[in-house]
Amino acid sequence: MSYLGQQLVNGLTLGGVYALIALGYSLVYGVLQILNFAHGDVYMVGAFLGYFVELALGGPTKSFLPVPLMIFIMFAVSMIGTGLLGIIIERFAYRPLRKSSRIAPLISALGVSILLQNAAQLLFSANIRSYDTSSFIPSTLGFSIGDVTVDSVRLTVLILAFVLMFALSRWVNKTQVGRAMRAIAVDRDAAVMMGIDIDKVIRWTFFVSAALAAAAGVMNGLLLRGVSSGMGFVPGLKGFTAAVIGGIGSIPGAMAGGLLLGVVESLTQGYLSTNFSDFYTFLLLIAVMLLRPNGLFGKKAIVKA
Amino acid sequence: MTEQTTPENLGIGTDEWVAQHEKRLSRRAGLLGIVDFLNQKVSPLVRYLLLAIFAVGFGALVHNLYLLRIAANLAVFLALTLGLNVVMGFAGLLDLGFVAFFGFGAYAYALTSSAQLNQHWPTYLSVPAIVITTAFLGYLVSLPSRRLFGDYLAIVTLFFGQVFIQLIISSDSITFPGHEDSVDITGGSNGIPGLDQFKLFGYTFKTITDYYWLLLVVVALLLVAITRVDRTRVGRAWRTVREDPLASQSMGIKVNNLKMLAFIVGAAIAGLCGTIYAAIQNAVFINGFDMPLLTLIYAAVILGGSGSIPGSILGAFVMSVLPEILRVQNYSEILFLTVLILAVAALSKGWKRFGFNASLVILLGLLVKVISSALSLATTPTSTWAVGPVSKALKYWLLMPANRILWGNIAFVLLIALIANYSIAKERVKFYLLPLIAFIAIFVWEVRLVIEPNTTRQLIIGMMLVVLMIVRPQGFLGKTRVEVL
Amino acid sequence: MTTPLLTLENVDTYYGAIHILQNLSLTVNEGELVCLLGGNACGKSTTLKTALGMVSPKNGKITFAGEDVTNKNTSVRVKLGIAVVPENRRLFGPMTVLENLKIGAYVRGEADPADLERVFELFPKLKDRQSQLAGTLSGGEQQMVAVGRALMSRPRLLLMDEPSMGLSPRLVEQSFEMIAGLHQQGISMLVVEQNANMALSVADRGYVLQTGRIVLEGKASDLAGHEELRRAYLGR
Amino acid sequence: MLEIKKLTMQFGALKSISDLDITVNKGEIVSVIGPNGAGKTTLFNVVTGIYKPTEGDVLLDGKSIAGKDPAVVNRLGIARTFQNVRLFLNMSVIENVMAATYAQTKSNIFSSALGLPASRKEEKEVRAKAEELLSFFGTRLTGYRWEQPAYSLSYANRRRLEIARALATNPKVLLLDEPAAGMNPKETQEITEVIGRLRSEKDLTILVIEHDMHVVEGISDRVIALDHGVKIAEGSFDSVATHPDVVEAYLGKGSADRK
Amino acid sequence: SGTVAIMAPLTGGVAFIGVEQANFAKLAVADYNKKNGTTFVTKDYDTQLDAAQASTQAPNIVADKTTIGIVGPAGSQEVLATGGLFGANDIAVVSPSATRTNLTAGTYPSFFRSVPNDSQQGPGDADYMVKTLKAKEVTVIEEKTAYGTGLATEVMGQLKKLKVKATKYSVNEKNADYAALVTRVSKTSDFVFVTFQDAAKSQSVAQELIKQKKKAVVFGSDGSDQPTFKTKGAYISAFAPDIKGIASSAAVIAGFKSTYNKTDADITTFGPPAYVAAQVIVEAAGRVCAAGGTANAKNTLAEIFKTKIAKSVLGSAIAFTAQGDVKGGRFYVFQIQADGSRKLIG
Ligand SMILES: Nc1ncnc2c1ncn2[C@@H]1O[C@H](COP(=O)(O)OP(=O)(O)OP(=O)(O)O)[C@@H](O)[C@H]1O
Ligand SMILES: Nc1ncnc2c1ncn2[C@@H]1O[C@H](COP(=O)(O)OP(=O)(O)OP(=O)(O)O)[C@@H](O)[C@H]1O
Ligand SMILES: [Mg+2]
Ligand SMILES: [Mg+2]
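First to last, the protein sequences are chains A, B, C, D and E. Position one of the first sequence corresponds to residue 1 (our numbering), numbered consecutively onward. Position one of the second sequence corresponds to residue 1 (our numbering), numbered consecutively onward. Position one of the third sequence corresponds to residue 1 (our numbering), numbered consecutively onward. Position one of the fourth sequence corresponds to residue 1 (our numbering), numbered consecutively onward. Position one of the fifth sequence corresponds to residue 1 (our numbering), numbered consecutively onward.
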């Protein structure tokens, strides 16, 4: 029982990170219908920015700020910085392609992905970095329910992921922006005709999408996973998958998909095989695609001739 | 009431527009215009003939093993590109698991022709069997994909590719029920070395040249076959599926079957390529069948022009030869400077401005050098950095700071920021920005990029993909698509 | 007094390499209903798109309410008071009728309930279908939503691209009544129509377009009597 | 020939078609009219297999085709055009038509790839057939236009091409959804004649949806008026057009004046 | 003069390995040139740790007649793909990191390595855990790489021989999250033996063990010997004492830091063996020249067998067996201290 509990906690934290990445995919897809293949690399940049902020604030060991404040600044700077990067990417790699076929942005995105990875390697060197939170947050800090331990970093990450998701849904559902985003998704030209400044909306979408990826990247670092220029691919793939499982373009779908994927991955690693877990995830994906081809939360496309 | 022409030739109501279609085309100028023009005017037969002559001549005259190996790789890559062009270009299916079929073919060949499982099938048996099996695998993958379209298909196939890799890596210690010890099937991350050579018609393929000729034949046959299919019944039907599946279905075309057929054809071609590739390499390793290759194939298809067969050829050439050229520092330096000069020339709009800009860049370099020596900043001795012929000349002009990495990084970030700024700046600002950007670009190249040729190579490829898509989204030889109306 | 609300001066528009509008000039005055006639694919819709800023002309000048808007993007023009009923309606299919109407008022911030009421009054059928997805409506119903959506922003100038296409005879009649009604309320309009008879019967002025050039312009009544035009468009 | 029996099509709470019975005889041209949203296009969609009917049946030559895949329905002999024209825009005019012969032709991927004589011969036949079909519309779609991409066509020409494409599937029954929409009066008249000729020369049974009463009057053997998915009138054009319910729901009071 | 070819993953996912190796190799060549006034140069061949790319590049190296020897390739699978060709052309291959045992079984006559192989490390580590540290139960994490599988197999084999309870879990190289795996580690495990090439992963596992209150301690192989692994009490095995602590290596370290603008933290286990590998090649070539021969690949190869470096940068003497293994290669065990430093314990 406690074993299951622990695996669920593992899965939920992992899933929270996936969900944030998936949200980024879904947001961009929801508006532009493009698969932003560079998203995983944007996440990588976010993780690096967090790392450098940590260094700037005195590194893992000599920080002159209280830990919560330091973490807050890490998130804030990384999210804003990466968000701006998202805007720049959109401006240069995607905007010129708005009117071309759907495949062109895909290649452009691959190009951006290669660019980001190698620029990161050039600027930050190829070494793998670590946030090394253990030197300022004791690994033993946290609480346990029975045998299930939830350490403080994990808790922070979980709470923060949910707060961000909640904030995002409010932003999309309660503001004009959300409606505009959907309108752009359906018919960009028609949206323009309604007076929607699509450049602005798309800019915001990319900002938020990249900022969420950055948050995921910082969380990843806090959870003690290495930071390197090639780190974006797998989480990118998982986030993408999560978005599809949830129904790409759907915000609750991305969240549910991310969490589900995280939990399934933890459980298959915990009970079945530690190195075949992707295979089981694939089965899950196939099953979802067969039963609900538009994802768990996706709407059926209207067929009308 | 004002009539702007005489009433007789008002022609009101006549459908004259299409008649004037040709007349209203304003021809594109410059390099791209020439591409368009050549694309339309040079007959395919001539094009292919030239290509064939070149390919045969290459095989007959070149004996450098490395060049032949590159050529053989190119041929495999080209065949793969043609295969993907069927799936994605013709039928419009986003198959991101395409390389898995390639890998499957390679591994299947390795398993049937090596000491790994102690199987040594004759080539005339193993290759056809593998092609058929790969096609069948393609069929299986396409099953769940039947109901999927566009991007959903993309993710399923992408994941399929990743799972394939994982299965191969992990199948080096499979314990079958009822057995104690695990068996090594695929060699896992160690791969399978020591494969049998092809043996066809009593001839054993030993050298890379042998394989080069074999590949030439395979590619030529593929080209003919695919071109024919494209022009006839099935090819047309594929295009209708890509264009509008619902309408296609209403015209009696079984959309799902055609999608699956495309998938299967693509898989079979990839499988065939896999066998040959494995034999050439004399070994198989899983890393080669991952994202980087997929990216390159996609880039080749799309850069060339999705759906266009000559485009695929061109794309394959660029995407497989360019990275090799960029490996050689001197070439990449010359290439870089040429492109930079061309870009500045194009953006200058006019030779006068170009001359002005060029002299400004030169002046800027001297100025920086003079100022820095006046401030007696530390510099690197020029003898240690000038490697290529170009940089030997540049060293009298360009400042080389002592801490190359730091200054190089700063300049790199600055360069990106400036380029970003440039494209949204006003004309007047652009005027001053251009020489500045050109100078910093040269600085970054010589100071920072030259010492990391490999990262630079990747950076250039990435940059090229983005820029080419922006300049020519339909690819070199692709047709502009009208998506919706 | 006729003050020009919208003017296009010597406009040239291209789609890629193809020259569509050739040196086209046109004016819609304050409070005027102007119709634009022309054969298939002669550039009527392109004219509207140029006016709205969906495509930008290579040469020429466009003004709205005295302001030069040639280089302003569409959203700015819509804010200034242009609304459009696009060709093929261009509804947001997966969104409900109500959401579609609200999007119409995007530039005004939140939609005004009074505006909604006005639309429902005009098209009572829409009131029942508020929560249906617009994409599942029949062609005619979609047309109603498209007009309603355009009205939601309380435009000064309404651009309509074939508002009667696909409508039942009765609704064609109604829609022209509606156009006339809106005209009376002082909204200026530029209407593209195949149904030239009807269009000319409600319009003040008209232009005839032929392969990207204006070949004829004048009072609606005069145009209705033009011999060649009759033969080409007005049929029997 | 085509029998629609007790057909009901429901979307959620909305009944687009309820309990509809229609019989179309061989060689007949039947027009379907009715207010917007009456269920006309839905009827076509059900008949061609795009929707599966909630209840009821569709019979072609006495055999049920309801709920069958659109491709199968087409192969059984029903072809259609779409209200909002759905051409293969990036294919040439003649390719659009040639592609539609898919179900009638046989050459497979191998015979094409090998360029077998049978496949070459078939290719020639298909092209000849496409050219013949396109010449049905006079010079509008012939000659140099064969090789033009469909997207370069004017709206009216697109509608014509759609008809040619439908004909290429060798149908017994042709369903036309608003063939004259977006055409000016002159072109409308032309299309009216074409529909008449189709029946006589191609031996077709035709079902037409149209809002233009000139067209309906000009072509129909019989007119069926729908409203809210229910048949409200059926008979000759004159009888239906003067039917009070039809006038009320569909034609409007003005129609009488204009006539 | 002559060219030392460097085959390494200079870009891609594990570029951190290759870049460091290349840097150290270049440093060795530069150092030798400076000392002896020679003009040996290096040339990069990026393989991305991909055997296919290695086998494409191999003919290129062979075609370059100035090649006197090769530093690399980094991965054992790359040696499998190219060793035959180099052997046939008499070009010496000195790998700084290919540790798979059977590479030196005689198949590749021109293959050498500057590091001990898996059969020297794996069983040694198992012995140490069981005999010295008295482990009763060990969990082995096998990373599915050529490096990881080879080592894990050796360790598991020895643990079975020693009859202690041993469980092996495999993970993929692309995996980044080890929480689920750590939850799976049994509560009674004394050690978790990890075979990562990236020490940040070892650190992640070690910290996760603490967080989940498991008693097991991480025992890392030489791949974990990087500064990012610094959990107090954990063990590392390495084929050399920490070179930063070796007085005679200080000059090389200083050279590395100043040439490439790096810090101590950037020096991992991957770099110094590359220095040795390059040194072996240029010294052999140098000896050929000194004896009046031409420094081509063949002569250099013959001379490499006679290599005798009294005290290499790794702190040990370097000489090769007939199969190309380092003579007397042994492993040292360290324990990590509270401040992250390593204490030699065996
Ligand atoms: N996005 C586009 N790209 C290229 N050509 C286009 C585009 N949109 C329209 N065209 C072409 O421009 C010409 C004019 O089109 P437009 O839509 O303005 O005609 P129209 O007068 O509105 O015709 P219709 O009566 O069919 O609505 C047509 O030939 C059309 O094919
Ligand atoms: N897929 C669908 N989902 C929900 N409702 C639908 C769907 N398809 C059609 N409807 C509804 O069915 C009714 C009939 O639509 P249909 O398109 O058949 O009308 P129509 O008679 O062709 O009208 P028009 O002349 O305007 O084209 C409409 O009210 C429409 O909203
Ligand atoms: Mg139009
Ligand atoms: Mg309809």
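The hints are simulated quantities; they were obtained by calculation from the structure and are not laboratory data. Keep in mind that the hints are not guaranteed to be accurate.
[What the hints assert, rightly or not] No farther apart than 27 Å at their CA atoms in a straight line, the calculated lysine-lysine pairs in the DSS-like style are these:
#1 B/K426 to C/K127
#2 A/K99 to C/K79
#3 E/K35 to B/K392
#4 C/K61 to C/K79
#5 B/K349 to C/K72
Q. Going back to the hint list, which numbers does this structure go against?
A. 1
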